[in-house]
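> All chains should be modelled from the sequences, with the hints used to inform the complete structure.
In mature numbering (1 follows the signal peptide of the UniProt record, and there is no 0), the protein residues as written are -24 to -1, 1 to 325.
Any given hint could be a false lead.
Stated by the list, open to error - Distance ranges between label pairs, derived from CB positions:
{"id": "1", "residue 1": "Ile162", "residue 2": "Lys83", "range": "49 to 59 Å"}
{"id": "2", "residue 1": "Asn241", "residue 2": "Ser20", "range": "48 to 58 Å"}
{"id": "3", "residue 1": "Thr267", "residue 2": "Lys83", "range": "33 to 43 Å"}
As the list claims (entries may be wrong) - Derived DSSO-like pairs (lysine-lysine); straight-line CA-CA distance at most 27 Å:
{"id": "4", "residue 1": "Lys128", "residue 2": "Lys160"}
{"id": "5", "residue 1": "Lys139", "residue 2": "Lys97"}
{"id": "6", "residue 1": "Lys68", "residue 2": "Lys160"}
These are computed hints drawn from the structure, not numbers from a lab. We put the CB at the ideal spot given by N, CA and C, even for glycine.
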Amino acid sequence: MFHKLFVATLSISVAFGVNSNVNAADISQHLSTIIVPEPIKRVSPKYPVSAARQSREGWTVLSFVIDEKGEVSNVLVKESSGSADFDKASLKAVSQWKYQPAFENGKPIQQCINDIQMNFKMGNKNGVKGVTRRFHRKYNIATQAIKDKDYKIVEEQLAQMKKVKYMHLIENNYMHILAANYAKEIGDTVTELYHLNRVYLDTGASSEQLAFSVLSQRFYLEVTLNQFQNAFSTYEELIKLDAAQPHQEKYEKIIADVNVLISSNQDIVINGEIKADYWFENLVRNEFSLTDVEGSLHTLDVRCANKRHVYTVEKDNTWKLPSSWENCSIYVYGEPKTSFKLIEHPLKS
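The structure is reproduced here in structure tokens:
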């Protein structure tokens, strides 16, 4: 099996610039003044030896900042398939990248919205495509327990699955689908969305039904939970699928309703909770508050298309970002299990 180290391949999907936003005309006008960063040096991550020996595949999504000198800094793991060795290899590689910096109106600027997904795939179809008998048994027990509403058994099986330090990609997918189904069963929409976001969607035709199922439910949950920027991005993925075409009119109506709400005088409220180090969200408005804090918050990292600023968090802070700071995301740091509300205030003319 060791020879597979030499045929392991790595695919990288990079997205620079901005997320889908509310007003397409505003985005076009903004982008016309910005020259995006160009890569000068891009080091490929090394496929972890233990992962290759196990034919284990995975993925990692990173966020990072490109400064005015073209150096990469403040690299964060946003989401991943859960294998720490893939995350470590991705972080090490990206930290060595070098760019011709972004320019705005002829001046070098920071470029903060740079999300990259690194997909670690074995070459020549050597990746593990099935699950172990042990995993299959646990999955079946938990699935039946959901039907029987024996939630204690479900939680026991999921806890045992999550103890596996390095899980094969297909098992990781099944675990997150199982966890999402359980969260849906007990009405926990936040946890359901968390797990759906961690299901790896292959681009092959055979997986289109899975992609449609996952993306359509993600879209519904993101709208329900007021995560509108994420909903716009999911919508763009969803409408590319043939299976989504019969529902196109319904999706367009939902998007139109979301845009009306964003332009209204209503506050947009999103519940946040720090599970480990930080919590992040993509904004649709430039004025917001962090309120009803249960626990401790200490730092707010605001990353926009052409600006980045780090703030300390005090009780019931409100931030009003300049209108020139567009397509912003926030990263909120604090003690684990701290809960709070993000309130995006109405747009002011």
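> Looking at the structure, which of the earlier hints fail to hold?
Of the numbered hints given earlier, the structure breaks just one, which is hint 6.
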